[in-house]
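Engineer: Between the sequences and the hints, there should be enough to build the whole structure, so can you do that?
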Amino acid sequence: MDFPENLRYTKTHEWIAVQGTKAKVGVTEYAQKEISDVVFVELPKKDQIVQQAKTAAVVESVKAAFDIYAPASGKVVAANAALEGNPALINQSPYGDGWIFELELSNAGELNNLLNAKQYLEAVQQAPQH
Amino acid sequence: MTMTLDIEPRKLPLHDEHLLKGARMGDFGGWLVPLFYTSIMEEHAAVRHKAGLFDISHMGEFLVEGQGALEFLEKNLPRRLGKVKFQQAIYMPLVNDQGGMVDDIIVYRMAEERFLIIVNASNIAKDFAWFEARASNGVTVNDLSEDMGLLALQGPLSQKILLEAFGAYYKDLKRFYYKDFEGGMIARTGYTGEDGYEIMIPKKKLKAVWDVLFRAGEQYGLLPVGFGARDTLRLEAAMPLYGHELTDDITPLEADLEWAVDLTKEHFPGLEILKKQKANGVSRKRIGFEMVDRGIPRHGFEVQKDGKVLGMVTSGSFIPTTGKNIGMAYVSVQEAKVGNSIDIMIRGKAVKAVIVSLPFYKKKG
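These protein sequence lines map, in sequence, to chains A and B. Under our numbering, read the first sequence as residues 1343 to 1472, first letter to last. Under our numbering, read the second sequence as residues 194 to 558, first letter to last.
Keep in mind the hints are simulated off the structure, nothing from the lab.
Listed next, the in silico DMTMM-like pairs over lysine to aspartate or glutamate satisfying Cα-Cα at most 25 Å (straight line):
(1) 396(B) with 220(B)
(2) 214(B) with 1376(A)
(3) 1387(A) with 486(B)
Taking CB as the label site, the calculated pair distances span:
(4) 404(B) with 1446(A): 55 to 61 Å
(5) 1453(A) with 284(B): 54 to 60 Å
(6) 550(B) with 1396(A): 37 to 43 Å
Everything numeric in this text was worked out from a predicted model, so none of it was measured. Where is the CB? At the ideal position from N, CA and C, for every residue including glycine.
Structural biologist: As structure tokens, this is what we get:
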């Protein structure tokens, strides 16, 4: 499985790509496989304030809904509207076209709580195997 | 993202075969079952257009036999067993003294005083106690669930596959009849809304039958199908599921299962209550609905109209065939009209839906 080095990760399987004071958020390759066919995404609204480790979006498969937690606190500056018409982008391209929302970070210090690619890989390997 | 952990569920007899076929396993009422092998979408489509094979060995089987068995079942079940032919099967709910549903079952008549009953896995202990407590002298109720396995071959090409695998002897098998097979039976029944068969055999023969069916079915596009698609298929066909549309507090009349209870019978548990309900009319009813605005309805979500609570969603899903988001719910009978617009409360928001007629899907021909 692919976990790009330039991203930070959460134990709950979100990634965040920081660029200056802004950051894009999505779910990892591991998460999209666990969820399987994504058929619905509930996006956060523009200007919505989200808090680190709190629900910011919902991704649903045929059978279940998964809360997506914000990896860091901030204000939503964009949401990926393409997911409303084509939620499977999360399966096809979890780090690319399947991004979910973009934040204006309010507390860059929070990023220190997140995992790097190596630490995340270790966390995934410890997860229960099906 | 959060995920649930599996806590030591029981394994199916074909557990290793499911892993070999790449199954994603998950918990279903205390059983570790294949949720899907490749994808729910693909497996759902296979059953609608070709064929699929399900391992449903978690289900329970009881054998009721002995002198007085017919009379015992006539007294306790809501349909007439006397007119059921040998090798014929009949579907019905098991009704409690309050008119609620203990389970839904299929009864197979094997002989004058010998019946096989298939029950839901989660209800094996409860149902067994229910039958045992009522059984009269001379009638024995045996739980065969530990010894028997169950496969379901479903889809428009399932007859071709079955005949190729097991021969022309099964060619004239009619819907809701069975024939003997390898110490068990092949019945033309199912839970998908398609033509198909359920094959009950001793667990030790399960793998051989599974393999023979896949060899015969390969050229027809037979796929293994998991519990994810089993649920979307039955939901699309509007078949009720115990614990969702059927519970100990919901009556067959409310569940739109009046056809599966015979109110002209002299006796069965709950009969008088059901007769009264029939005369007075039910206060809530099972309905189907389709989402108008974006959102997937799920079990337990509230149904509202103009801020007033009408009832609760019992099953809901995205449906692979149509791409629609649909569900079933119980709502107050005044509002249970096709075309009525309702709101489904999804994560605190009212999302528009409309009541539609059931089933969502009906097989052609």
